[in-house]
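**Student:** Chain by chain, the residues run as shown.
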Amino acid sequence: MSTETENPPEDTTKVESPPPAPKKPEATPVVIPAFEKSIADKIVEKFGDKVEVGFVKEDRVRINVGRENVHDVAEFIRDGLNYDHVESVSGVDYPQDNEIEVVYHIGSYDDSSLARQILVLATRAQRETNPIPGNDATRLPTLRDVFYSVEFHEREIFEMFGVFFEGHPDNRRLLLPEDWADLPPLRKDFTIKGR
Amino acid sequence: MTFKLPPGLALQKVDEKIMTLNVGPQHPGSGHMRLIVQIDGDYIVACDPDPGYVHRGEEKMAEYRNYILNIPHLERPVIHDSCNVLYPYVLGSEEILGIEVPERAKYVRVIASELNRCIYIMYWLAIYGIFLGHSTMFMWPAGDRELLIDLMEKMTGARVTHAHFVPGGVRNDLPPNFEDVCLRQVNYFEKRIKEYAAIFYDNPILIARTRDTGVLSRQDAIRYGTTGSVLRASGVDYDLRIKEPYDVYEELDVHTNVMKEGDSYARSKIPWLDMLESCNIIRQALQKMPKSGSVRTKLKPNPKGKGLDSVYKRVESGRGSLGCYIVSDGKVEPYRVKLSVPSFRNLIALPNLLRGEKLGNMPSVYWSLNYWPVEADR
Numbered sequence: 299m300s301t302e303t304e305n306p307p308e309d310t311t312k313v314e315s316p317p318p319a320p321k322k323p324e325a326t327p328v329v330i331p332a333f334e335k336s337i338a339d340k341i342v343e344k345f346g347d348k349v350e351v352g353f354v355k356e357d358r359v360r361i362n363v364g365r366e367n368v369h370d371v372a373e374f375i376r377d378g379l380n381y382d383h384v385e386s387v388s389g390v391d392y393p394q395d396n397e398i399e400v401v402y403h404i405g406s407y408d409d410s411s412l413a414r415q416i417l418v419l420a421t422r423a424q425r426e427t428n429p430i431p432g433n434d435a436t437r438l439p440t441l442r443d444v445f446y447s448v449e450f451h452e453r454e455i456f457e458m459f460g461v462f463f464e465g466h467p468d469n470r471r472l473l474l475p476e477d478w479a480d481l482p483p484l485r486k487d488f489t490i491k492g493r
Numbered sequence: 016m017t018f019k020l021p022p023g024l025a026l027q028k029v030d031e032k033i034m035t036l037n038v039g040p041q042h043p044g045s046g047h048m049r050l051i052v053q054i055d056g057d058y059i060v061a062c063d064p065d066p067g068y069v070h071r072g073e074e075k076m077a078e079y080r081n082y083i084l085n086i087p088h089l090e091r092p093v094i095h096d097s098c099n100v101l102y103p104y105v106l107g108s109e110e111i112l113g114i115e116v117p118e119r120a121k122y123v124r125v126i127a128s129e130l131n132r133c134i135y136i137m138y139w140l141a142i143y144g145i146f147l148g149h150s151t152m153f154m155w156p157a158g159d160r161e162l163l164i165d166l167m168e169k170m171t172g173a174r175v176t177h178a179h180f181v182p183g184g185v186r187n188d189l190p191p192n193f194e195d196v197c198l199r200q201v202n203y204f205e206k207r208i209k210e211y212a213a214i215f216y217d218n219p220i221l222i223a224r225t226r227d228t229g230v231l232s233r234q235d236a237i238r239y240g241t242t243g244s245v246l247r248a249s250g251v252d253y254d255l256r257i258k259e260p261y262d263v264y265e266e267l268d269v270h271t272n273v274m275k276e277g278d279s280y281a282r283s284k285i286p287w288l289d290m291l292e293s294c295n296i297i298r299q300a301l302q303k304m305p306k307s308g309s310v311r312t313k314l315k316p317n318p319k320g321k322g323l324d325s326v327y328k329r330v331e332s333g334r335g336s337l338g339c340y341i342v343s344d345g346k347v348e349p350y351r352v353k354l355s356v357p358s359f360r361n362l363i364a365l366p367n368l369l370r371g372e373k374l375g376n377m378p379s380v381y382w383s384l385n386y387w388p389v390e391a392d393r
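In order, the protein sequences belong to chains A and B.
In this text, residue positions in the first sequence follow my numbering: the first is 299, and each later residue adds one.
In this text, residue positions in the second sequence follow my numbering: the first is 16, and each later residue adds one.
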C-alpha cells in the first residue's frame, strides 16, 4: 500500500480517458493453432467444397460433411490421417432445421502426435415429424466398416434418435426396453412428463 | 395360448449341441446386465451383451436443468467415482460459461479426483475378488476403502455422492488440518494396498485362473476403441493425465502403468498399480498446493452460454477416458449433454473376448474389463 501512494497523480489523468478498455478484446487476434489448421487443410484439400470446416480450436477440429460423403471422409481420416478409433457418437436433434445431427469424436492411440487431438466429424440426417424408426427417411451410411468402435454407439443413436444406419450389421435396440413404442426419447419432441 | 416372447427371452435351440443361456440381469455375476451366452458344452460360442436395465435418462434430464442443477444427478452413473464423472462436465461448462478457476481449486480437484479413483478401484477390486472366490479380497478392499471415504467425508461432507465440483472451482474449501490427515491416511493406505500383492496378485490360484484368459491384442484394443486399464493392459501407453493434461496435472509428475500381456491378469493388475500412482500424485499435489486462497469463482445466478457453442472435454477416470460433449444454444440449460463413458466403450470388447473361453472363466473376463453397468447405461 505504501508504494502506491506515489501514484495518485497518474490515476487522475487515467480517469479522463477510460474508453480504451472495451477495445482490448478486439485487439488480441484469435490465434488459430497451426497443427490443427494443417489437419483441417488436408481434408479440405482432398475433398474441396464437399466438406466445411466447422471450427479449428486448440486440440479440436470440426468438419461438417453431407451424408453422401461421410463414408469417404471417414475412410480418408482413418487411412490418410492416422486416426484409429471413435471415442463418442452423439446425436443432436434440431427440429427448427428439420435435421438430426450425428457427431463422431475421432481420436488416435497409435500416432503420438495426434494423442491430444479430437477430430469432430458431423453429419446431418433428414428428420421426420412422425418417425417410424428404421422405416423412414432418417438414414445415414454406417461407419462401422471404417471404425469398428462405433458399433454400440450407432445402435444407441438408432434407438435414441431413430437414425437408421444403412449397412450396420446389427441394428437392434441396446438400452431401451424391447417393448418401447413411443418416440425415440432423446428427440426434442419427446418431453418429460410434468415439465 | 401362443405368446410371442421378445427376441432373446425365449430359449433358442441353435442346434443339437449349442445351448442358449441367460446370465443376468438379476445374477450378481453380471451386474445389472444380461449376457446372452451360447455354449457348446463348457465353451462359449457367442455372447451378446444386453445392457440397459439401469438406464436412467441422464442425458435427457440434463436438457431440462441449468448448468448448476445438473451437477447432483450427473454424478449418479458412478457414485463411487462421482468426482471423475462430473469432471468433464464441469470443465466443459467452464469453457462454455467462460469461467476462470482459482489455482487452489485446481489442486483440490486433483486431490479429490485421485482419492475418488482409489475409492472406485477398491470397490471394483472387492467385487473382482469375490467373483473369483477370494473372500479375503472382498473384505480387505471394502474395509480399507473406508479410510479414503472418511477423507472425502471430511472434505466434501458426503461419503459417496459428493457433488463437490462446480463450474468455477469446488463447493467448499478444505477443512482445517486436512493436509496432515490426508497425508497420514494416504501413506497408511499405500502401505496397506502393497500387502495385496502377496495375498492376491502373487497368488498362484489367481494367476492360474486369469493368466492367458480373454487375451486382447494391442491391435484389437485400438480397433475396438477400448480405454483405460483395458487399453493399458494391452500395451498401449495412453493416459489422458499425461497426453492431454487438464487442470494442474501438467505440473505433477505422473507415470502410467503399461503391461503387454492383455489378459485378465494384466487387466486386473493395472488398476491396482494405478492406485499406487494415485498415492504419489496426491502427495505431490498436497505439497504444491497453494496454502490459502479462494477455491470458487462466484457465479452469477443462472449463467448462460454465449450462443451456439459446443465443447468436448475428457478426463481420465477410474475406468478410462470419460468424455462429455456439451452443446449450448445460449440458454440457461444446455441444449444437449452427452456422456461418452468408458464402460460403454469397453463393452464392445466383451463378445470378442468371451468367444472360445470356458464358461467358468466368464466372471474373470467380464469383471477384468473394469465394467460398471450403471455407467454404461447412464
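Honestly, the hints are just simulated from the structure, not real lab data.
Any given hint could turn out to be false.
[As the list claims (entries may be wrong)] Straight-line alpha carbon distances no greater than 25 Å define the calculated SDA-like cross-link-like pairs of lysine to any residue that follow:
(1) B:K75 / A:D480
(2) B:K258 / A:A338
(3) A:K486 / B:K258
(4) B:K75 / A:R470
(5) A:K355 / B:E265
(6) A:K486 / B:G345
(7) B:K346 / A:A338
(8) B:K346 / A:I430
(9) A:K355 / B:I257
**Student:** Hints first: check each against the structure and report whether it holds.
**Tutor:** Here's how the hints hold up against the structure:
no., hint, verdict
1, B:K75 / A:D480, "15 Å, holds"
2, B:K258 / A:A338, "21 Å, holds"
3, A:K486 / B:K258, "36 Å, violated"
4, B:K75 / A:R470, "21 Å, holds"
5, A:K355 / B:E265, "20 Å, holds"
6, A:K486 / B:G345, "17 Å, holds"
7, B:K346 / A:A338, "30 Å, violated"
8, B:K346 / A:I430, "31 Å, violated"
9, A:K355 / B:I257, "20 Å, holds"
Hint violations for this structure: numbers 3, 7 and 8, all remaining hints satisfied.
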